[in-house]
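*Asks:* Here the structure of chain G is known, so what remains is to put chains Y and X in place on it, guided by the hints.
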Amino acid sequence: MSRRLLIAVLAVGALLMIFPFVWTFVTSITAGGDVLTTPRLIPEKAGLDGYRKLFEVLPFWRITLNSFVLAVVSTALLLITSSTAAYAFARLDFPGKNVVFVGYLATLMIPMQVLVVPLFIEIRAFDLVDTYASLIVPTIASAFGVFLLRQSVAVLPKELDEAAFVDGAGHIRIFLRITLPLIRPALVTYGLFAFMSSWNAFLWPLVVIRSREFMTLPLGLASLSGEYTVQWNAIMAGSVVSIVPILALYAVAQKHIVQSVAQAGLK
Amino acid sequence: MSARPRLRLHRAAALIAVAALALAGCSKGSATKDTSEGGVTTVRYLTFSAAPDHLEDLNGIVAAFEKANPDVKISVQTAPYKDYFTQLQTSIAGGTVADAFELDYQNFVTYAQAGSLADLAGPAANDKAWQPSVVSPAALDAFKHGGKQYALPESFSTVVLIYNKALFDAAGVAYPTSDWKWSDEAAAAQKLTDKAKGVYGDFQPVSFYEFYKAVNQAGGTFLSSDGKSATFNSPQGVAAAKWLIGKSGTTMPTVTEIGNTPDFDTNLFKAGKLAMWHNGNWQFDTLKDVPFGWDVVVEPGDAQKASAVFQNAVAVSAASSHKDAAFRWLNFLTTSDQTVTARINSSWELPPLADASKLSGYLSKTPPSNRKAVMDALGKQSLLPVIAKEQQMQDIVNNALTKAAGGEDLQKTLDDAAKQVTALL
Amino acid sequence: MVGPRGVRKAGIVALFLLPSAVPLLLFTIAPMFGAAWISLHSWNLQSPMQWTGLDNFARLLGDADTRDALLHTLYFLALYLPLVYLLGLALAVGLNRRFPGRSLLRSMYFLPVVTSWVVVALTWKWLLNPANGLVNHVLESVGIPGPGWWASPGWAIPSAVVASVWKDAGFVMVILLAGLQSIPEEYLEAARLDGASAWQSFWRVTFPLLTPSSYFVVVISLISGFQVFDQIYVMTGGGPAGASRPLVEEIYDLTFRYGDAGGASALSLLLFALILVVTVVQQRLQRRWVTYV
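Chains G, Y and X supply the protein sequences, listed in that same order.
Following the numbering used here, the numbering of the first sequence begins with 36 at its first residue and continues without gaps.
Following the numbering used here, the numbering of the second sequence begins with 721 at its first residue and continues without gaps.
Following the numbering used here, the numbering of the third sequence begins with 9 at its first residue and continues without gaps.
The following block holds chain G by itself, in its conformation from the complex (with noise of 0.2 Å):
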């Protein structure tokens, strides 16, 4: 019976979660640019041309591909380096291993915005402005990754590294044959994270990229916005665009996040 009661809760209040971006598609896929303040569900006249715009108005295909490849690229960075600083922390003991963590975590705390100039300052002493490898330099390492992964190296139980190491294991052994497929869950879930990190960020691109052939998504979608006015349908159709990829993304990566860990290892 609560059963019952639970999941119909949970069911409604899902609909309030989907419900803005049913709206954005409605307003994609509404002919003319104008979007009032009430929202609805059905369009009043359908049309394609949001989509169209965009395909006009930007190289499209190029900058989504410029986007998913950095996103790939950087994904596949954060979870190696983040996974072995978090064996690090989690399973190796060393003088200042706590001060160290913190200051990881201190990484996290200074905001974006005070740090693009000197980046950008140093990429330019790189002589890398306005290339791949800048968009990719500050992505390859990320605390919060650290972090998250830590944890999930942390609730292992340690019988299963000292039963490997009585075997003649080294850590590194432990680490690629162990510890990751244990942690493979949690190694989902961050992946899926950077990747939604990187597809979606701003403030860096905007001011580290100057070439069209570089541009990502969220910097395309954003000259969408003229000075005086705003093509809502475009601006919709640009949002489902950058959405639908990161919701296949959670739909398989999903099922790899459901399995039961702790009874793997132990058996």
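Bear in mind the hints are in silico, worked out from the structure with no lab data behind them.
Incorrect hints may appear among the rest.
Stated by the list, open to error - As a list, the in silico BS3-like pairs of lysine-lysine whose alpha-carbon atoms are at most 27 Å apart:
1. G/Lys88 <-> Y/Lys1008
2. Y/Lys802 <-> G/Lys80
3. Y/Lys848 <-> Y/Lys911
4. G/Lys193 <-> X/Lys17
5. X/Lys17 <-> G/Lys290
6. G/Lys88 <-> Y/Lys802
7. Y/Lys917 <-> G/Lys80
*Replies:* Just chains Y and X, lined up with the frame of chain G:
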């Protein structure tokens, strides 16, 4: 054992691939490649007004320029207005600023005073095609600082009163004329407002950009003539603020009804639910196809007429190593026939030419029929107060007006704001 | 700790730490020092920097606008943190049990996390419209006067909190779900066999094992909450008349609109110190409430 060498080969291949990718990742984009090859100078130009609607026009002008000047190539970079100045300032700070860039009047003083703009006297002397008499002298003066020319005026637009003729007809109210005063506008707005039908008589935002000219319209000044103190808390300033604030909720939708959507008023007018609209001639193109008749008139004043005029200019970066080439581009961009034709035909902002007859093509287009009002407004201009700390000043005034609109004592908020603004000067 | 000691151990530690430490040092910590350097100067990003020493810090510590911005940020955090955690926790627990449509529901709750802020703000400003929004409509129909939400100085921040909690609950849910997955079914089985009620199972078994993930959520939410900007800006623009302006909006304004990059950097260092202290305190308190099995 035989697997080992293959594994090593795979690892080596992977490493080489990664290294190659890393190197490729460091290669520069097209906009940053070397700027002088084989006698052709590349001039980088940053703009906000061209995207997204006028890129084609700009590209046409670029093509025409490059044809006439084969030794110069223009590399155009755009950024949306909202983010433009963030990008511009960061590029100046990092030493990567474009050779030439666009500025609006509000920001001009800040950049001129900071020394980021090149004095155009030198490059102008080196450009045989430069004829200063082509440009409106008032516009040229606006972009002087300390007596030196730091930018070339590129375009202007004016704010006028746009009105819906159908609504006026239906309510039996006479159309606005150039003799109208505030009281006439208020009376008409009352008659035209029908909240039951969701129809409003008037729309004028309560903001800095409306306030400073309203102060002039009331006969007062925003800043003192020596520019050292704020005078908008005078009785005329108070009257101007009352004029703006009084509309919300009576003849104009309230803040909550507007909901902070940026183009609420545009949509309201296009839907035929707004009788009078204080907005600029940049809206003419958007309103081309509305199903009702509309026209424009110079904004009513009270003690006098004073209209808002917005100007954009283009400047050469002080750090540029191609100042002469950049100036030749800017000269062409602002005064060539190509530019004038393109701007008029696509309803892009107008070039500030000394010879207004060149703009006759613009004036003869309809709607609206009374396009002359755009030029008349120029003649009765309320000069936008611009100081080095422009953004702070605008924020202070906007906050004061919002507070007063929210119910706080008007005189007191204006006095406080005036004190804060004077401290900035 | 298993494994080698001495130099080989140092080598291992380096191997595992350097891939993240080097990029962080080069591309985050170095700019942080850059910002510290800027904070000792007066700079409008265009003219050469002028040395001002600690003047920026002194000025900002006494500045009324900064004080207000700090209060706004703290107000946001105090409301946001407990709400987003509790809602995320409820969702994670509710969506952990197997039932048909669970995957679909989880995806729907995650959707706001990926939806852009522009859309979220439009939605919530409409829902929370003081005049004719759905929320006030419902409130008034049960006799509660609807507050002014984003149009009123007092309710502007709560309106941003509502939108942010709604948007981020799915994120917390995903993190906590991952944490719940790692709790062996045997523990809960054992508790049930011992006669524990659902609440007792949760409080005595589930929650303690969830504390590592919860700790992550709390610390990350604190660190990012102190730096809140977009969430408030899209809902209220920092208004009305600056009544909801958070610290990072002031930092942005100082850098890019008021020509005071030095002040902005100084302010961000002060904020940094505050966040650091709070985080270190959290680290210490960890021992009290977080159980790592």
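*Asks:* Each hint: holds or not?
*Replies:* Right, here's what the structure says about each hint:
1. G/Lys88 <-> Y/Lys1008: The given pair, whose Cα atoms are some 19 Å apart, holds under the 27 Å limit.
2. Y/Lys802 <-> G/Lys80: violated, 30 Å
3. Y/Lys848 <-> Y/Lys911: violated, 59 Å
4. G/Lys193 <-> X/Lys17: Holds: lysine 193 of chain G and lysine 17 of chain X sit about 18 Å apart, inside 27 Å.
5. X/Lys17 <-> G/Lys290: At roughly 37 Å apart (the allowed maximum being 27 Å), lysine 290 of chain G and lysine 17 of chain X break the hint.
6. G/Lys88 <-> Y/Lys802: Within the cut-off at roughly 20 Å; holds.
7. Y/Lys917 <-> G/Lys80: holds, 23 Å
The structure fails to meet hints 2, 3, 5 from the earlier list, while all remaining hints are met.
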